[in-house]
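Colleague: The lines below spell out each chain.
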Amino acid sequence: MKEIILETRELTHIYAKGTPYEKTAVNGMNIKIEKGELVGIIGHTGSGKSTLVQHFNGLLKPDGGQIFLDGHDMWENKADIRKVRFKVGVCFQYPEYQLFEETVYKDIAFGPKNMGLDKDEINRRVIEAMKYVGLDESYADKSAFDLSGGEKRRAAIAGVMAMSPEVLILDEPCAGLDPAGRDMLLSLIKNYRESTGSTVIFVSHNMDDIAKIATRVLVVNDGKEAMYGTVDEVFSRCDELKAMGLDVPAVTDLFMKLKMIYPQLDAGVYDINKAADILYSLLKGGAVRA
Amino acid sequence: MEDLIIFDNVTYRYDSDGAALKPAVSNLSLKIKKGEFVAVLGHNGSGKSTLAKLCNAILIPESGRVTVDGTDTADEEKIYDIRRKVGMVFQNPDNQIVATVVEDDVAFGPENLGVEPTEIRRRVDEALKSVGMYEYRLHEPHRLSGGQKQRVAIAGILAMQTDCIVLDEPTAMLDPKGRKEVMQAVKKLNRELSKTVVFITHFMDEAVQADRVIVMNKAEKIMDGTAKEVFSHPERLKALGLDVPAAAGLSHELKKRGIDMPDGILDNESFIEAFERINFEGNNT
Amino acid sequence: MLKDITIGQYFPTGSPVHSLDPRAKIIITIFYIVVVFLCKSFASLGLCCAVLLIFILISRVPVKMFLKSIKAILPIILFTAFLNIFYIGGGKVLFTWKFISVSEKGLYTAAFMTVRIILLIISGSALTYTTTPTMLTDGMERLLSPLKVFHVPVHTLAMMMTLALRFIPTLIDEIERITNAQKARGADLESGNFVQRAKALVPVLVPLFISAFRRAYELAFAMECRCYRGGEGRTRMKQMKLKMPDYLSFAVVVLFTAGVILLNNIYPVL
Chain A
1 MKEIILETRE LTHIYAKGTP YEKTAVNGMN IKIEKGELVG IIGHTGSGKS TLVQHFNGLL
61 KPDGGQIFLD GHDMWENKAD IRKVRFKVGV CFQYPEYQLF EETVYKDIAF GPKNMGLDKD
121 EINRRVIEAM KYVGLDESYA DKSAFDLSGG EKRRAAIAGV MAMSPEVLIL DEPCAGLDPA
181 GRDMLLSLIK NYRESTGSTV IFVSHNMDDI AKIATRVLVV NDGKEAMYGT VDEVFSRCDE
241 LKAMGLDVPA VTDLFMKLKM IYPQLDAGVY DINKAADILY SLLKGGAVRA
Chain B
291 MEDLIIFDNV TYRYDSDGAA LKPAVSNLSL KIKKGEFVAV LGHNGSGKST LAKLCNAILI
351 PESGRVTVDG TDTADEEKIY DIRRKVGMVF QNPDNQIVAT VVEDDVAFGP ENLGVEPTEI
411 RRRVDEALKS VGMYEYRLHE PHRLSGGQKQ RVAIAGILAM QTDCIVLDEP TAMLDPKGRK
471 EVMQAVKKLN RELSKTVVFI THFMDEAVQA DRVIVMNKAE KIMDGTAKEV FSHPERLKAL
531 GLDVPAAAGL SHELKKRGID MPDGILDNES FIEAFERINF EGNNT
Chain C
576 MLKDITIGQY FPTGSPVHSL DPRAKIIITI FYIVVVFLCK SFASLGLCCA VLLIFILISR
636 VPVKMFLKSI KAILPIILFT AFLNIFYIGG GKVLFTWKFI SVSEKGLYTA AFMTVRIILL
696 IISGSALTYT TTPTMLTDGM ERLLSPLKVF HVPVHTLAMM MTLALRFIPT LIDEIERITN
756 AQKARGADLE SGNFVQRAKA LVPVLVPLFI SAFRRAYELA FAMECRCYRG GEGRTRMKQM
816 KLKMPDYLSF AVVVLFTAGV ILLNNIYPVL
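Going line by line, the protein sequences match chains A, B and C.
Read left to right, the first sequence gives residues 1 to 290 (this note's numbering).
Read left to right, the second sequence gives residues 291 to 575 (this note's numbering).
Read left to right, the third sequence gives residues 576 to 845 (this note's numbering).
Isolated chain A (complex conformation) (with noise of 0.2 angstroms):
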């Protein structure tokens, strides 16, 4: 068993409380995130897990239950939260609507500055930082403003890497990317988690993504955990997936199409170069139908 980095029970958040537009977002939610992983979080617009998320670095504060990094009861001691938001890096989706210093460098480097850090620990961690999103060091003293969507966004991502946090979190990272920028992302993402063991959490509404670079799979639903599992797991129950009005990676959903004339298929297929092999040993085995 791994050790657990974050842990919710029972967490219950409740917007504008006492107005008529009180809402429950997350309502009763337990989860555990083992160290290392790189968790990818579905769920529609509205399922509680961006409530979720701002929770995990204490930016919104529990209604009701607790939440725990590390093993210690997050708000336990109030004036401890900005230490949070250090071992928490949040990546808010559109992170490059944040950038405002005049240098990509000055604006990566504002993070471990406001962590207090000198000036020579601060120069090293800009500078990984700029690696890990694939930005070489003559954009350090570029304008941010100058940079295409795609740079700005990998800078802004930096900014948060640069902190070294023990848990990166990323709100939707690849919204509004095109696909070879969303496949760059990703590989720099799952890059980033391999060279430093740290855990990563990302969101998505597109499971192609998730089936892409996910160790475990979080399905949230209705502000509750709905399923949490591997990748495999989570994407062999797609009759539920669908239930939940979510999608399902697309060669999955033509899986499972196939299943209901192929019984001997296993539905939970994500990988295309996968799907081709067992399809192609399907007719080479003398296919026989239901």
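Worth double-checking, as some hints may not be accurate.
Restricting the straight-line Cα-Cα distance to at most 27 angstroms, the calculated cross-link-like pairs of lysine-lysine (DSS-like) are [claimed, not checked]: (1) A:K78 / C:K774; (2) C:K639 / A:K17; (3) A:K257 / B:K518; (4) B:K545 / A:K212; (5) A:K131 / A:K106; (6) B:K477 / A:K257.
Treat the hints as calculated values from the structure; they're not laboratory data.
Fit chains B and C to the given chain A structure using the hints.
Modeller: Structure of chains B and C alone, referenced to chain A:
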């Protein structure tokens, strides 16, 4: 059928302090017919958004000519005639809604055109009904979801009774549900209201639904044909940084393994049909 | 959340007051404020209270909402009352302590002023609770349209107002988003002295301004694409026409004015 928008050898470059930039669109020629549903596919910076903005005189070609129903977009006096024919929906749903009530926003276009009040009312109701937002007519736009906001924006163009609607990545900022809603509304206005649609996107699953797909790369049009024709080249599209539908990709992979899958498979149904046929033939030989 | 505070605090109940013509409501409110200032006695002020109460009851907006709006400016009310009590002399002296003395007239004036301010606030709130910001701007635009003769850009001003109302919730959302993002990077926005706090706002303000300009730029394009070219030749979907209830309300207000003048003359206390 008649051509509505004609690009004749068009080049455009954004100027940045006089520095000579690479053109955003270069030597582009293309004809869009009345009633056609054209998807323009390409990665970021391929020139697809520039193409959209050239359609209704937001941008004027540096060389070459764009005409809308015979009118040159470079003719400044005719600019409102052009925009009356070609409406535009933008990427960010928040930045194109003008009013604080849904129906007032939809009325904004026809009000600018000086349409009679009773006629505006009729058009607004009709437009809202055709995008499925009539029940929300008295809502505040900022409380709507992204997909709903984009449908309101589409209704705003419909109420102007333009012949053509250009949508510049209308789904890029939406969640899957919003994307489906917008796609459904767009298809409806093409099929039922016979509006010409130019749909800019980088999502191939949306492009597949169009009659015709144009692929842009490095300021140039490099593919132009039906969805079937374009998506029969998955390797080429992947090299351009674009996705292909799962069914097309999978049949291509099977082909590589020596299975005789036919060309032009785009959706699950035709994939399964082809797979079944091959399996059947295989079992009988 | 911040964005749930509606600007102008419209409170829909679908009452007859809500469906009055916004122009009528604006004129009546202005008229009412003038009459409140004309009041010379508690008797006439009492009539003002009565009339306002009737409007409020018809509007079906909960009285709690009005108390809320008074609470917001309670310090100002108390300050005015305080000044009046101690600075206005005359009449019987009720209380003295060292150099401070409270006279009957001072107390009386303080009470009078307090009621007056409260009436002003409530009548203003009654207008915004029963009229959407859009209707208000529309009504203002139409009321002021004669000023066009003097080259006052009435339409442009109204359009600016509408756009401001439209974008305030969007920008509030944006502030929340950017603040969260910078807090997540360890920005400390809550502690330090005034200068430190102002400095700490830079990471929020810079992105906010950039985004506001980007929005303005895109919005301008979108408006041009929808053939907007100012107020010239523009029609409006919603025509405003004074109807029976509007005329009826005017009649009530005229009667009420007459009543106040009458009461002023019967009980000229001040």
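Colleague: Now tell me if each hint is right for this structure.
Modeller: Okay, the hints, checked on the actual structure:
Distance check on the hinted pair: A:K78 and C:K774 sit about 24 angstroms apart at the alpha-carbon level, within 27 angstroms; holds. Proximity of C:K639 to A:K17 is assessed by CA-CA distance (about 18 angstroms); at most 27 angstroms being required, the pair is judged to hold. A C-alpha spacing of about 21 angstroms is found between A:K257 and B:K518, which places the hinted pair at or below 27 angstroms, so the restraint holds. Taken as a hint, the B:K545 and A:K212 pair is honoured in the structure, with Cα atoms around 23 angstroms apart against an allowance of 27 angstroms.
Pair hint A:K131 plus A:K106 holds up; C-alpha atoms about 15 angstroms apart against a cutoff of 27 angstroms. With a C-alpha separation of about 25 angstroms, the suggested pair B:K477 and A:K257 falls inside the 27 angstroms cut-off, and the hint holds.
The structure is consistent with each of the numbered hints, conforming to all of them.
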